[in-house]
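Q: The lines below spell out each chain.
Number of protein chains: 2
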Amino acid sequence: MFGAALAAAAAQVQDRLAQAMATLPDQPVSHAMRYAVAGGKGVRGFLVLEGARLHDAPPEAALAAAAAVEALHAYSLVHDDLPAMDDDDLRRGQPTVHVKWDEATAILAGDALQSLAFELLTEPVIGPADIRIALLRGLAGAAGARGMVLGQALDIAAETAPAPLTLEEITELQSGKTGALIRWSAEAGPIIAGADPSSLGNYADALGLAFQIADDILDVEGDQETAGKRLRKDAAAGKATFVSHLGLEGARRRAAELVALAEAALDPYGSRAETLREAARFVIARRN
Amino acid sequence: MFGAALAAAAAQVQDRLAQAMATLPDQPVSHAMRYAVAGGKGVRGFLVLEGARLHDAPPEAALAAAAAVEALHAYSLVHDDLPAMDDDDLRRGQPTVHVKWDEATAILAGDALQSLAFELLTEPVIGPADIRIALLRGLAGAAGARGMVLGQALDIAAETAPAPLTLEEITELQSGKTGALIRWSAEAGPIIAGADPSSLGNYADALGLAFQIADDILDVEGDQETAGKRLRKDAAAGKATFVSHLGLEGARRRAAELVALAEAALDPYGSRAETLREAARFVIARRN
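Chain order of the listed sequences is A and B. Every letter in the first sequence is one number past the one before it in the numbering used here, and letter 2, counting from 1, is 2. Every letter in the second sequence is one number past the one before it in the numbering used here, and letter 215, counting from 1, is 215.
Quick caveat, the hints were computed from the structure, so don't treat them as lab data. You may find that some hints are simply not true.
Which copy is meant is left open, because identical chains are indistinguishable; a pair holds if it fits in one copy or across any two.
[Claimed, not checked] List time: in silico SDA-like cross-link candidates among lysine to any residue, alpha-carbon distance up to 20 angstroms:
hint	residue 1	residue 2
1	K100	P83
2	K100	A161
3	K100	M85
4	K100	A157
5	K100	D196
6	K239	P190
7	K239	R92
8	K100	A8
The task is simple: from the sequences and hints, build the whole structure.
A: Written out as structure tokens, the structure reads:
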């Protein structure tokens, strides 16, 4: 049920993004933008659509917001993969953008995807201007030097730090790098509906951290082909991770606790939130 | 008069940006962001403040919009200077961000400055939410794959193109690379005031093109120390420019025509727009 819901959401969001990029000039940077948004799991977009469904927000409004966060996420992956950053040649089982095109095109495609994300949130279909402003303000904060960019900067700094990061520092890093955007995604639906986003925000905080712990476990245990990206990079780089701190068993236990917390945060929604509960359980069972 | 107005505007916008970045985490990426916005001429911010003054828009509203466009402009310079793009080591007489820090920090500082630009435009001080949305939508469009990013992509593609660009292609390139943001800046004031932005938009179109032609002239004739950036790069790279197409005299003449057009667009404002007229004349007289 969750797998099907995720795939259906991803397909819808892909269509919405294709529509938003349909009239871009016929330039390599436009092609690179379309390539960069293709093939992802679409977890963030799914969270937007599910949060909107739980609050009976209009699907077209949710779809624009879901497309925005997936564009922003795609930009961050394109830039993170650059040689000067994580230097990854494989993403979602395909060559990364700077490998397929070149570094300049990757930098520019990422830049334009960030602009596109904010442009999508100005769409009238989302609703009254003050709702759109709330989404825009939240996304800009989640993306910038207090959120995602901060997390990535801390991650890169960790590679040359004199001492491995503490568990607290890793948690702070991840809260910026992935947590802020996941929280925004879960809160977008209630915000569009003019409802209180705090339950879904709490769900997202637990989910985001569980997701990252699962990523660290996957990096150690995963199968490269299934994962679609290079594994064993953290261990090779001697980086501190949730696994290096907690051990494999400890990391699994912590992830399971967080999934329980995430599920509990959904209590106010009763059985309507079953897909989101499944999503949380999926996080610790996934293989890519 | 224009020089003093420009300097005063730049100082105000710098202060506003410093305030917006005052509470950023104490990280290299935050320091690099502050460094990147410092020391520019602040032409775009000045245009916002002047446009606002002509329409009696609240100065604090204009200041937030001016800070936004200067943050966006600064991001574009940091990324354009990267080794994979224009590979410049000098900007505003100082080492570029990737030289002073490193490439990863430059990419991230640029990314966060783009987020900051959009965040600033969500500030309630700017006015009603629909005004803020209009500014946000305009800036996202001017910044992205139909505007500034397109212009920079065309510029980089020109370096390896089999044939030099035609005059029409150079004009299209510049319309994206610098024109879109300059137009947004001039239109922001009337938009904040709820007035018709078309006269200032026409002014900006002529001004932006004149500015770029003057840049090409400066690249050929200028003094490196006064300019504060590397000159003679276009000729060395065999790039087509307004000067290579029109000759020095022809380029000067075209710039003068455009300045006359820009001045004429200000007729509805009478003598109140004298500073903007001076700004247009300054474009063809400047030495940096």
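Q: Run every hint past the structure and note whether it holds.
A: Checked hints:
Taking the shortest Cα distances, K100 and P83 sit within 20 angstroms of each other both inside one copy (13 angstroms) and across copies (18 angstroms). Taking the closest pair of Cα atoms, K100 and A161 come within 20 angstroms of each other only across two copies (19 angstroms); inside a single copy the shortest separation is 32 angstroms, beyond that limit. For the homomeric pair K100 and M85, the shortest alpha-carbon distances inside one copy (17 angstroms) and between copies (17 angstroms) are both at most 20 angstroms. In the homo-oligomer, the alpha carbons of K100 and A157 lie at most 20 angstroms apart only across protomers (16 angstroms), although the nearest pairing inside one protomer, at 27 angstroms, exceeds that limit.
Taking identical chains as interchangeable, the C-alpha atoms of K100 and D196 are never at most 20 angstroms apart, the minima being 43 angstroms within one chain and 45 angstroms between chains. Within a single copy, K239 and P190 get their C-alpha atoms no closer than 37 angstroms, and across copies no closer than 52 angstroms, so neither meets the 20 angstroms cut-off. In this assembly of identical chains, K239 and R92 lie within 20 angstroms of each other by CA distance neither inside one copy nor across copies; the values are 23 angstroms within and 38 angstroms between. For the homomeric pair K100 and A8, neither the shortest alpha-carbon distance inside one copy (28 angstroms) nor that between copies (47 angstroms) is at most 20 angstroms.
Checked against the numbered hints given earlier, the structure breaks hints 5, 6, 7, 8 and satisfies all the rest.
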